[in-house]
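Chains as they are written, first to last, in numbering that gives the first Met the number 0: chain L, 0 to 269; chain V, 0 to 488.
Treat the hints as calculated values from the structure; they're not laboratory data.
Hints are supplied without guarantee of correctness; some may be wrong.
As the list claims (entries may be wrong) - Per label pair, the in silico range of CB-to-CB distance:
1. L:G79 to V:T167: 53 to 61 Å
2. L:L99 to V:E374: 33 to 41 Å
3. V:N182 to L:L99: 48 to 56 Å
4. L:G79 to V:S115: 54 to 62 Å
If you're wondering where the values come from, they're calculated on a predicted model, not measured in any experiment.
A virtual CB, placed ideally from N, CA and C, is assigned to each residue, including glycine.
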Amino acid sequence: MRSLVIGGLLAGTFLFAALLSFVWTPFDVTELDIAARLQKSSMEHWFGTDHFGRDLFSMIMVGARISLAVALVAVGIGMGLGVPLGLLAASRSGSLLDELIMRSNDLIFAFPSLLIAILITAVFGPSALNAIIAIGIFNIPVFARLTRGGALSLWTRDFILAARVAGKGPLRISVEHILPNITNLLIVQGTIQFSLGILAEAGLSYVGLGAQPPTPSWGRMLAESQTMISFAPHLALYPGIAIILTVLGLNLMGDGLRDITDPRIRRTGR
Amino acid sequence: MKTLTFTAAMMLGASVAAAQQTELTLGLQLEPPHLDPTGAAAAAIDEVVYANVYEGLTRFAADGSVRPALAESWDISDDGMSYTFRLRSGVTFHDGAEFTAEDVKFSLERTTAEDSTNAQKALFEGIESVNAIDDTTVEITLTEPDGALLFNLAWGDAVIIDESDVETLKQAPVGTGPFKFSNWVQGDSIELVANDAYWGEPAKLTKATFKFISDPTAAFAALMAGDVDAFPVFPAPENLPQFDADPRFNVIVGSTEGETILSTNNQNGPLADKRVRQAIAHAIDRQAIIDGAMFGYGTPIGTHFAPHNPAYVDLTGLTPHDPEKAKALLAEAGFADGFTTTLKLPPPSYARRGGEIIAAQLRNVGIQTEISNLEWAQWLEQVFRGKDFGLTIVSHTEPMDIGIYARPDYYFQYDDPVVRAMMSGLASMSVPEDRTAVLQAVQRRISEEYVNGYLFQLAKTGVADVRIKGLWENSPTQANDLTEVYWEE
Numbered sequence: 000m001r002s003l004v005i006g007g008l009l010a011g012t013f014l015f016a017a018l019l020s021f022v023w024t025p026f027d028v029t030e031l032d033i034a035a036r037l038q039k040s041s042m043e044h045w046f047g048t049d050h051f052g053r054d055l056f057s058m059i060m061v062g063a064r065i066s067l068a069v070a071l072v073a074v075g076i077g078m079g080l081g082v083p084l085g086l087l088a089a090s091r092s093g094s095l096l097d098e099l100i101m102r103s104n105d106l107i108f109a110f111p112s113l114l115i116a117i118l119i120t121a122v123f124g125p126s127a128l129n130a131i132i133a134i135g136i137f138n139i140p141v142f143a144r145l146t147r148g149g150a151l152s153l154w155t156r157d158f159i160l161a162a163r164v165a166g167k168g169p170l171r172i173s174v175e176h177i178l179p180n181i182t183n184l185l186i187v188q189g190t191i192q193f194s195l196g197i198l199a200e201a202g203l204s205y206v207g208l209g210a211q212p213p214t215p216s217w218g219r220m221l222a223e224s225q226t227m228i229s230f231a232p233h234l235a236l237y238p239g240i241a242i243i244l245t246v247l248g249l250n251l252m253g254d255g256l257r258d259i260t261d262p263r264i265r266r267t268g269r
Numbered sequence: 000m001k002t003l004t005f006t007a008a009m010m011l012g013a014s015v016a017a018a019q020q021t022e023l024t025l026g027l028q029l030e031p032p033h034l035d036p037t038g039a040a041a042a043a044i045d046e047v048v049y050a051n052v053y054e055g056l057t058r059f060a061a062d063g064s065v066r067p068a069l070a071e072s073w074d075i076s077d078d079g080m081s082y083t084f085r086l087r088s089g090v091t092f093h094d095g096a097e098f099t100a101e102d103v104k105f106s107l108e109r110t111t112a113e114d115s116t117n118a119q120k121a122l123f124e125g126i127e128s129v130n131a132i133d134d135t136t137v138e139i140t141l142t143e144p145d146g147a148l149l150f151n152l153a154w155g156d157a158v159i160i161d162e163s164d165v166e167t168l169k170q171a172p173v174g175t176g177p178f179k180f181s182n183w184v185q186g187d188s189i190e191l192v193a194n195d196a197y198w199g200e201p202a203k204l205t206k207a208t209f210k211f212i213s214d215p216t217a218a219f220a221a222l223m224a225g226d227v228d229a230f231p232v233f234p235a236p237e238n239l240p241q242f243d244a245d246p247r248f249n250v251i252v253g254s255t256e257g258e259t260i261l262s263t264n265n266q267n268g269p270l271a272d273k274r275v276r277q278a279i280a281h282a283i284d285r286q287a288i289i290d291g292a293m294f295g296y297g298t299p300i301g302t303h304f305a306p307h308n309p310a311y312v313d314l315t316g317l318t319p320h321d322p323e324k325a326k327a328l329l330a331e332a333g334f335a336d337g338f339t340t341t342l343k344l345p346p347p348s349y350a351r352r353g354g355e356i357i358a359a360q361l362r363n364v365g366i367q368t369e370i371s372n373l374e375w376a377q378w379l380e381q382v383f384r385g386k387d388f389g390l391t392i393v394s395h396t397e398p399m400d401i402g403i404y405a406r407p408d409y410y411f412q413y414d415d416p417v418v419r420a421m422m423s424g425l426a427s428m429s430v431p432e433d434r435t436a437v438l439q440a441v442q443r444r445i446s447e448e449y450v451n452g453y454l455f456q457l458a459k460t461g462v463a464d465v466r467i468k469g470l471w472e473n474s475p476t477q478a479n480d481l482t483e484v485y486w487e488e
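Please take these sequences and the hints and turn them into a complete structure.
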């Protein structure tokens, strides 16, 4: 419970910052002020300024928007495609279709996820949209597997048998009875994938394949600060901390959610 | 035990070498694709082999002047149509073959041949014939007088090679220079060793290693750790003050031939309109770019010409930073609401950082840019060969390259009969004052036509161990001449 609260607070803070950045940031992040570059933290610039004189605090805020949006939509793609595929595979368990779906998932799984993402963005050109697609694609098999696994164990249960006796088809059973019973699994996994998505987005933009300038992104801020780290460490520190805290927050949230929703853990009294 | 002795011997060997200090490791950012400077445009080739491995009839000295190299002296006929070069005798190639007039004939004819892949073929098109009169005398006949021939022959693209080595030059170069090619570990380094049979003053170093480090952070670490002794063009200007403050290092800031420009596709949509290009020129704040992208290193330019050249005209006053005027010009051209174009950026920090600054400056006057960061290979493919771009930022590092404005098929596609006429007239002039007058007229013309956005002259920002002497301060051509380099005791 405690991890859920701490995680929720951390993730919530960044979500709030991201939403706030739509209506207000202390400074305009596309406005350069070369004369005011590389300033340390001050009352005016809370986190200091970068090598172009942009306000770092504002950039972190807008960067949060990019990171969260990319990760959220990517998880959405993964869930939106992975869950139906998993349900379909489970409802036809053992059939050729099941094999086809799961083996193609294995194929995607066989590649390291960030490698696929780099491949996709390198082929289709770097942009936030392509980063979303790339991260989304490697989220599909995660959800497809989880869904199929959860659904298979349900298919043998009596209430499903009852539904079949009542004349419901596999599709209806999947949607009406299976899906609601694996929602908690999906939410927990979704939260964790969300944090992985943020890491992946940071990794992609670090190598220049994420959101393109002038849109700020945490990964690129890190990459650009690299040569200046010895005399302006704050340039790397703040985006780095932002990534850590967001990922940590989401992971804690995921843990907390699992503790609450998983009946087995609840029974053992953890 | 055997291993131990071996290791000890190696350590002993290393410490002896360190005491004598006749070996040098030089850091370079780009690895050459191959090592034949007569076959490709890549500057990285000349940065390894020019004056070290290969030599031409003439050569550039550190101050940019043209000096005799393999040619001892020359006579020019009164009509300027024929040059007679007297070659040095007793010169041998690294493989032992003798250097003769036939090699000169072969090399130059190969450059001008129909199927030549020479990157500067256009420079030598005026050569009608090359005749080997005897072993040490060569006569070059021209189709029309060319006042720049001696200068052009000093380019790395005109070095002399031996016919028997042509097939293997790319991997194992054989020249006449003070250093011999020894080893190339692809992706890591190239080793040269001193040529004992060199015709001139032998090199002071016994071995030179060129180490390729593309990442600026790694370059910083390599210098700090002593893995490389010098970085003639250090890729991250922001680190220079740190090296400057460190007594172990010397920061050498010199000039280069690199005119860094906002290259504009003169045939691309709104950019074909001169008023739009003028608006862009006024939207740019050069000093902000120099400060923001290069941390203050660089000289503003107003045309495509190196400021240290005596013929340079300072035209920066023609297009001062004036966003209001830029907006007015855009409105006059029918783009009151601005327009969107592409800005394709190659990897160097002058381009990547400069690009972000220029994008912001253009945004201020209503021009939106879609930035895409490209690797060099992609940039050459899309921008240089494909001409698929609106704007790009690149440094033209060849010396005296204003002639590219007379080539309508060059990647920025500037088609102007006036400049073409001026440049073709230039070729037949050998009186220096006349040449200067024409060069200045061309500088003014391209500046007043706002062909490209002229930003700044790239500074050569080198970092070297304080004990190293004899490195070139300036960069009159793409080269790291190690002939005079030595370690001070």
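Open item on the list: Flag every earlier hint the structure violates by its number, smallest first.
Closed with: Going through the list in order, the structure violates no hint and respects every one.
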